[in-house]
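Two chains, two frames, a set of hints: combine them into the complex.
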Amino acid sequence: EAQVTQNPRYLITVTGKKLTVTCSQNMNHEYMSWYRQDPGLGLRQIYYSMNVEVTDKGDVPEGYKVSRKEKRNFPLILESPSPNQTSLYFCASSPHTSPGEQYFGPGTRLTVT
Amino acid sequence: QQQVKQSPQSLIVQKGGISIINCAYENTAFDYFPWYQQFPGKGPALLIAIRPDVSEKKEGRFTISFNKSAKQFSLHIMDSQPGDSATYFCAAISQGGSEKLVFGKGTKLTVNP
Chain B
1 EAQVTQNPRY
11 LITVTGKKLT
21 VTCSQNMNHE
31 YMSWYRQDPG
41 LGLRQIYYSM
51 NVEVTDKGDV
61 PEGYKVSRKE
71 KRNFPLILES
81 PSPNQTSLYF
91 CASSPHTSPG
101 EQYFGPGTRL
111 TVT
Chain Y
1 QQQVKQSPQS
11 LIVQKGGISI
21 INCAYENTAF
31 DYFPWYQQFP
41 GKGPALLIAI
51 RPDVSEKKEG
61 RFTISFNKSA
71 KQFSLHIMDS
81 QPGDSATYFC
91 AAISQGGSEK
101 LVFGKGTKLT
111 VNP
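Residue numbers (the numbering used here), protein chains in the order written: chain B, 1 to 113; chain Y, 1 to 113.
Chain Y with its partners taken away, still in its complex shape (with noise of 0.2 angstroms):
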């Protein structure tokens, strides 16, 4: 029930397309999903979030849409560029019960130019 399931485990996009990632979660009680971004030979750092009471949230290119009642989340790149080819985590939690941020495998991101 702790787990969160990511997809694909690796991708491959020319500069310019979208990228999208999903992820699908079990537990009802996780109520904040971020993503983290991490670039070889540094710490993952926390690039978008979202609450479950949203369908979509966005940040410049980067967009999550949130389902809840299908239990899955992703985030979508537009206009992909090289400098985004990292690994992307998405991570569950449930803020005020047990607070274990739980991870995704993650997806490595590749951009061609």
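Same shape as in the complex, but just chain B (with noise of 0.2 angstroms):
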């Protein structure tokens, strides 16, 4: 089945301890992003990827870090989370044919008190 898989699914942590949300789709996709949902908000893009070794910033980058050393994992990097990244986050993934096409995984509901 084409998929989008995150992990873990929900994560409950404290300010200041290092934490990585996984990202895997088994679609063969080069593009891949990872966005964040707050109320009133709606979708916002903390970083995309283009291809492998290809990374940039969307419009919410601060406070995070990605890579994406093989093309099927693009995980999402906070090193030291601070209670105003509590939100929802999802990746997303693309073919590089189409990068408006995206397919979504089942989100991370992160909180950090």
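Hints in this document: simulated from the structure, not taken from any laboratory. Source: prediction; values computed, not measured. In this text, a Cβ means the ideal position worked out from N, Cα and C, and glycines have one as well. Check the hints yourself; a few may be wrong.
[Unchecked claim] Keeping only pairs whose Cα atoms sit at most 30 angstroms apart, straight-line, the calculated BS3-like set for lysine-lysine is:
no., chain 1, residue 1, chain 2, residue 2
1, Y, 100, B, 65
2, Y, 108, B, 57
3, B, 17, B, 69
4, Y, 57, Y, 108
5, Y, 100, B, 71
6, B, 18, Y, 71
7, Y, 42, B, 69
8, Y, 58, Y, 68
9, Y, 57, Y, 71
10, B, 57, Y, 105
11, B, 18, Y, 57
12, Y, 57, Y, 100
13, Y, 100, B, 57
14, B, 65, Y, 57
15, Y, 108, Y, 5
16, Y, 5, Y, 71
[To be verified] So the derived list for chain Y, only partly shown, Cβ under 10 angstroms to chain B, looks like this:
no., residue
17, 32
18, 36
19, 38
20, 42
21, 45
22, 59
23, 60
24, 61
25, 62
26, 91
27, 92
28, 95
29, 102
30, 103
Next comes the structure, spelled out in structure tokens:
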């Protein structure tokens, strides 16, 4: 089954404790992206990657890191999480021929206390 | 210039009625306009999309109307059903340009039985 998977689905952590949210896709897509969703603010792009070893900042990259060492994986790293990073996070992927047709993962709900 | 403005924020429609959600953009480089549907607890999913060389696209009960000169596009849901209750996001992207998918803030649609 073609899908984007994220782990963990739920995470409660404390300020300053480094964490990684994994994202993997099995559709051989070149384009991958991370978004955060907050009430009233919609979906905001954090980082995106057009291919292996190519990443670029989205609209809200502060406090986040990403890497794209393999085509299928695009982890999101919070090196020192803060309460304002409490949010619902989505990973998405799409083929390079149509980056607007994105397939989203199920989401990761992160709470930072 | 990267913004997509979406209205209304919320919409309540009776079963069988027409739901209309509007979006406006500024960046004339955008060349692909998808709509995403998100059910509670799920990631967004591509619903329907249009390119600016056509003024309308219909898929079942869902229609996108596109007005290039006004830089506006809208989603019409005919014969709305309770199962259509979800949050809808319009988006825009310059494929081959920055390739960043820019989302509107979303419209929460409730269809009453």
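- Checking against the hints above, which ones are violated? Numbers 6, 11, 14, 22, 23, 24 and 25 - these are the hints that the structure violates, sorted from lowest upward.
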